[in-house]
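Protein chains: 2
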Amino acid sequence: MYAERAHGMTASAVRSLFAVANRPEVVSLAGGMPNISDLPLDVIGGLVSDLIKDHGTQALQYGSGQGELMIREQICEVMAEEQIHGHPDDVVITHGSQQGLDLLTRIFCDPGDVILAEAPSYVGALGTFAAYQAEVVHVAMDEHGLNPQALRQALLTLRAAGKRVKFLYTIPNFNNPAGLTQPLERRKEILAIADELDLLIVEDNPYGLLTIDGQDPLPAMRSLDDTHVVYLGSFSKTFAPGLRVGWVLAPHGVREKLVLAQESATLAPSVFSQFVVSTYLAHWDWRAQLDTFRAMYRERRDAMLRGLTEHMPPGSTWTHPTGGFFVWLTLPEGLDSQAMLPRAVSARVAYTPGTAFYADGMGSRNIRLSYCFPPPERIIEGTRRLGEVINNERDINETFGLKSFTHTPRIHPGPGPDLR
Amino acid sequence: MYAERAHGMTASAVRSLFAVANRPEVVSLAGGMPNISDLPLDVIGGLVSDLIKDHGTQALQYGSGQGELMIREQICEVMAEEQIHGHPDDVVITHGSQQGLDLLTRIFCDPGDVILAEAPSYVGALGTFAAYQAEVVHVAMDEHGLNPQALRQALLTLRAAGKRVKFLYTIPNFNNPAGLTQPLERRKEILAIADELDLLIVEDNPYGLLTIDGQDPLPAMRSLDDTHVVYLGSFSKTFAPGLRVGWVLAPHGVREKLVLAQESATLAPSVFSQFVVSTYLAHWDWRAQLDTFRAMYRERRDAMLRGLTEHMPPGSTWTHPTGGFFVWLTLPEGLDSQAMLPRAVSARVAYTPGTAFYADGMGSRNIRLSYCFPPPERIIEGTRRLGEVINNERDINETFGLKSFTHTPRIHPGPGPDLR
Numbered sequence: 007m008y009a010e011r012a013h014g015m016t017a018s019a020v021r022s023l024f025a026v027a028n029r030p031e032v033v034s035l036a037g038g039m040p041n042i043s044d045l046p047l048d049v050i051g052g053l054v055s056d057l058i059k060d061h062g063t064q065a066l067q068y069g070s071g072q073g074e075l076m077i078r079e080q081i082c083e084v085m086a087e088e089q090i091h092g093h094p095d096d097v098v099i100t101h102g103s104q105q106g107l108d109l110l111t112r113i114f115c116d117p118g119d120v121i122l123a124e125a126p127s128y129v130g131a132l133g134t135f136a137a138y139q140a141e142v143v144h145v146a147m148d149e150h151g152l153n154p155q156a157l158r159q160a161l162l163t164l165r166a167a168g169k170r171v172k173f174l175y176t177i178p179n180f181n182n183p184a185g186l187t188q189p190l191e192r193r194k195e196i197l198a199i200a201d202e203l204d205l206l207i208v209e210d211n212p213y214g215l216l217t218i219d220g221q222d223p224l225p226a227m228r229s230l231d232d233t234h235v236v237y238l239g240s241f242s243k244t245f246a247p248g249l250r251v252g253w254v255l256a257p258h259g260v261r262e263k264l265v266l267a268q269e270s271a272t273l274a275p276s277v278f279s280q281f282v283v284s285t286y287l288a289h290w291d292w293r294a295q296l297d298t299f300r301a302m303y304r305e306r307r308d309a310m311l312r313g314l315t316e317h318m319p320p321g322s323t324w325t326h327p328t329g330g331f332f333v334w335l336t337l338p339e340g341l342d343s344q345a346m347l348p349r350a351v352s353a354r355v356a357y358t359p360g361t362a363f364y365a366d367g368m369g370s371r372n373i374r375l376s377y378c379f380p381p382p383e384r385i386i387e388g389t390r391r392l393g394e395v396i397n398n399e400r401d402i403n404e405t406f407g408l409k410s411f412t413h414t415p416r417i418h419p420g421p422g423p424d425l426r
Numbered sequence: 007m008y009a010e011r012a013h014g015m016t017a018s019a020v021r022s023l024f025a026v027a028n029r030p031e032v033v034s035l036a037g038g039m040p041n042i043s044d045l046p047l048d049v050i051g052g053l054v055s056d057l058i059k060d061h062g063t064q065a066l067q068y069g070s071g072q073g074e075l076m077i078r079e080q081i082c083e084v085m086a087e088e089q090i091h092g093h094p095d096d097v098v099i100t101h102g103s104q105q106g107l108d109l110l111t112r113i114f115c116d117p118g119d120v121i122l123a124e125a126p127s128y129v130g131a132l133g134t135f136a137a138y139q140a141e142v143v144h145v146a147m148d149e150h151g152l153n154p155q156a157l158r159q160a161l162l163t164l165r166a167a168g169k170r171v172k173f174l175y176t177i178p179n180f181n182n183p184a185g186l187t188q189p190l191e192r193r194k195e196i197l198a199i200a201d202e203l204d205l206l207i208v209e210d211n212p213y214g215l216l217t218i219d220g221q222d223p224l225p226a227m228r229s230l231d232d233t234h235v236v237y238l239g240s241f242s243k244t245f246a247p248g249l250r251v252g253w254v255l256a257p258h259g260v261r262e263k264l265v266l267a268q269e270s271a272t273l274a275p276s277v278f279s280q281f282v283v284s285t286y287l288a289h290w291d292w293r294a295q296l297d298t299f300r301a302m303y304r305e306r307r308d309a310m311l312r313g314l315t316e317h318m319p320p321g322s323t324w325t326h327p328t329g330g331f332f333v334w335l336t337l338p339e340g341l342d343s344q345a346m347l348p349r350a351v352s353a354r355v356a357y358t359p360g361t362a363f364y365a366d367g368m369g370s371r372n373i374r375l376s377y378c379f380p381p382p383e384r385i386i387e388g389t390r391r392l393g394e395v396i397n398n399e400r401d402i403n404e405t406f407g408l409k410s411f412t413h414t415p416r417i418h419p420g421p422g423p424d425l426r
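Those protein sequences? They're chains P and Z, same order as listed. The first sequence lines up with residues 7 to 426 when you count with my numbering. The second sequence lines up with residues 7 to 426 when you count with my numbering.
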């Protein structure tokens, strides 16, 4: 009755667990929701009220499949913060950058086509790739993000085996879930390989402007190469995710296909949401607002790192992000983060198990911890509880040698509401 | 480089023509944009301002992939107007009902699967079905809409040939583009076939509440059968298309797959748009607003029918809709509506050629005329200009016997912004 691609669409077992994790007594370090409580709601309310009263018949009407010109121009200004010189003609508005991923996979991938992706990669991207029956091959990362030698090797091996590799998917800034960033030199090395071996790169950049150590945003890969890079942007982390406004900046031919795909998927993105973002960008100092967000996330990131230093048992390691939302924790040997999750939730702390971020079952010793949403003191309390859970887990393992913990079924990499 | 499905994604030749048709001197009877100038913009502006100021951190945040419970409950009230007793658990919010079509096709159709569709059918649905490489087989209509005997025959023939028929796609009320409505008895006949032959029906109902002759809305097919019918609803024609809020009411198993498909496509529908619709439904008399819209569209429908009676040459026929947006015109024999379109646009009137609404190249003698957007006097002027164009076309044909007119390339059935 259903299509082949729908057979993999099953709700994962962690969902019911996350329903519990959303109770107020649980410290959730699992989600990727931005903390938007610093937004000037009174100002935005006034702006949107004026928008509806003065331009309602336009703002509430159907619009272009590509998106409205005005906001595409403003998006080019936003992208200039990362040294991208884009043209509004090459921007396509999407329903969040998740839809950008969906439409790109739709136009590029037949079943069995290969997508290269960082290991680990954003769970929502893996879910989309799976929905189009594309095969994900992971490429190793080191402390500077995606490893160029591993990329070259993977690409050559796959091509030699007759596989059609459609693109590389990467998050160069504050990668979700690992929190790692490619330095400028690393970006150039990857782009040189893309140029040499004619590889398309999908650069997903939801967090790039959320630098939190006072540094300037790095030049986007797209700012260094406008032929091999398709760039995905989003207002979900820098303004408001509830509006679902993202975009794709793509070479002309790709842009044309994306617009047609958007029309068959949804007719057009929401004009109203676009106008709300547009009036916010035009009438509020969004650069100063970014500084507010940066300071707020810095405090939380610092709390997370302090909490981990205090409470993690020996043998644990973790990344030290300089922006974005996430820390990637590696547990002491022998522990399984997915098996441990029910006990963590009982101890009133939640996280996302590492296996969610791999298409190939890896990541069982890893945990993604997010510091974006809870207040600093809750983050520290969360790490305290987590430390206890890990210590108990080690005691149990040592006492009973319970190896069965490492053989629990893997999470299906679908982008549940708490996995984004 | 691109996926197989992307090869058919090419911009149709009528697009550039429609760009011209959007000039103010052209009377466009081509689009399907609702006239929303009667909306209480001041009231809506105030409501949305309060929404942002009082509930902004929730309204601007990520939400559930299925959509917010509050609006799903209100949608059940809206559906009760057509005698549907739905449960909020079975409602999935979509980015317009176009996305409902996209997600349904995604979960049901592998390449080569068959979808049965009325002849003619909504161009945007045909575009979506083509994007999933599904095969559309048209089923004839008569003056009461989809013909049950033709449906049974088509289904049996296809199954005997080993084809997998996934569902029937139908618009029972004021069909786009033909303006025809299935009476209650007809709905029951179609549902009896669905029951007997185990056929799923996708009931698309954007116009059902826009009855314009004082009649009550008919019971939806879904109100008569909750196992074989998946129902698509939309606020695009009854409130505002720029918000992109539609929904699917589906049996439990289908609903579950739809939510997972939604999450991989977009993570979640826009919480903000849902809250805007929700506050409008809660604080404005939307039933009285529907009456305002009904009176407004009645005046325009009347103008259209009067204009056609006055200005169409002998040999033309057209439908007499009792609601919705569209009249379906059949030209005198020998004329080709697509070939004639450039000359119509030169004469400052635009329409959508009938071929757009068929997957099989039929419809060359037909035209979809929409009366939803221009004011009544412009509608009448549009029919006057169209009458002249048709008369000139007949003269040319009779003088020169230009049969080549009937062999122009067909429009690709993609849902362009002016074809919806």
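None of these hints come from the bench; they were simulated from the model. These figures come from a predicted structure and were not determined experimentally. A few of these clues could be false.
Simulated restraints on C-beta separations [claimed, not checked]: (1) Z/Asn28 to P/Pro46: 53 to 59 Å; (2) Z/Glu404 to P/Gln64: 55 to 61 Å; (3) Z/Leu190 to P/Leu164: 55 to 61 Å; (4) P/Ala294 to Z/Pro257: 47 to 53 Å; (5) P/His258 to Z/Asp116: 29 to 35 Å; (6) P/Gln64 to Z/Met368: 34 to 40 Å; (7) P/His91 to Z/Thr323: 33 to 39 Å; (8) Z/Asp60 to P/Ala294: 22 to 28 Å.
Derived coverage of chain Z by chain P (criterion: at least 3 residues anywhere in the stretch with Cβ under 8 Å from a Cβ of chain P; other residues may be distant) [what the hints assert, rightly or not]: (9) 11 to 17; (10) 48 to 58; (11) 96 to 107; (12) 119 to 133; (13) 227 to 234; (14) 246 to 260.
Not the full set, but computed from the structure, chain P residues with beta-carbon under 10 Å of chain Z [claimed, not checked]: (15) Glu10; (16) Ala12; (17) Glu141; (18) Val142; (19) Pro225; (20) Leu273.
Where a beta carbon is used, it is the ideal one built from N, C-alpha and C, also for glycine.
Evaluated hints:
no.: 1; hint: Z/Asn28 to P/Pro46: 53 to 59 Å; in the structure: 37 Å, violated
no.: 2; hint: Z/Glu404 to P/Gln64: 55 to 61 Å; in the structure: 45 Å, violated
no.: 3; hint: Z/Leu190 to P/Leu164: 55 to 61 Å; in the structure: 59 Å, holds
no.: 4; hint: P/Ala294 to Z/Pro257: 47 to 53 Å; in the structure: 50 Å, holds
no.: 5; hint: P/His258 to Z/Asp116: 29 to 35 Å; in the structure: 32 Å, holds
no.: 6; hint: P/Gln64 to Z/Met368: 34 to 40 Å; in the structure: 36 Å, holds
no.: 7; hint: P/His91 to Z/Thr323: 33 to 39 Å; in the structure: 56 Å, violated
no.: 8; hint: Z/Asp60 to P/Ala294: 22 to 28 Å; in the structure: 25 Å, holds
no.: 9; hint: 11 to 17; in the structure: holds (count 5)
no.: 10; hint: 48 to 58; in the structure: holds (count 9)
no.: 11; hint: 96 to 107; in the structure: holds (count 4)
no.: 12; hint: 119 to 133; in the structure: holds (count 3)
no.: 13; hint: 227 to 234; in the structure: violated (count 0)
no.: 14; hint: 246 to 260; in the structure: holds (count 5)
no.: 15; hint: Glu10; in the structure: 5 Å, holds
no.: 16; hint: Ala12; in the structure: 4 Å, holds
no.: 17; hint: Glu141; in the structure: 14 Å, violated
no.: 18; hint: Val142; in the structure: 13 Å, violated
no.: 19; hint: Pro225; in the structure: 26 Å, violated
no.: 20; hint: Leu273; in the structure: 5 Å, holds
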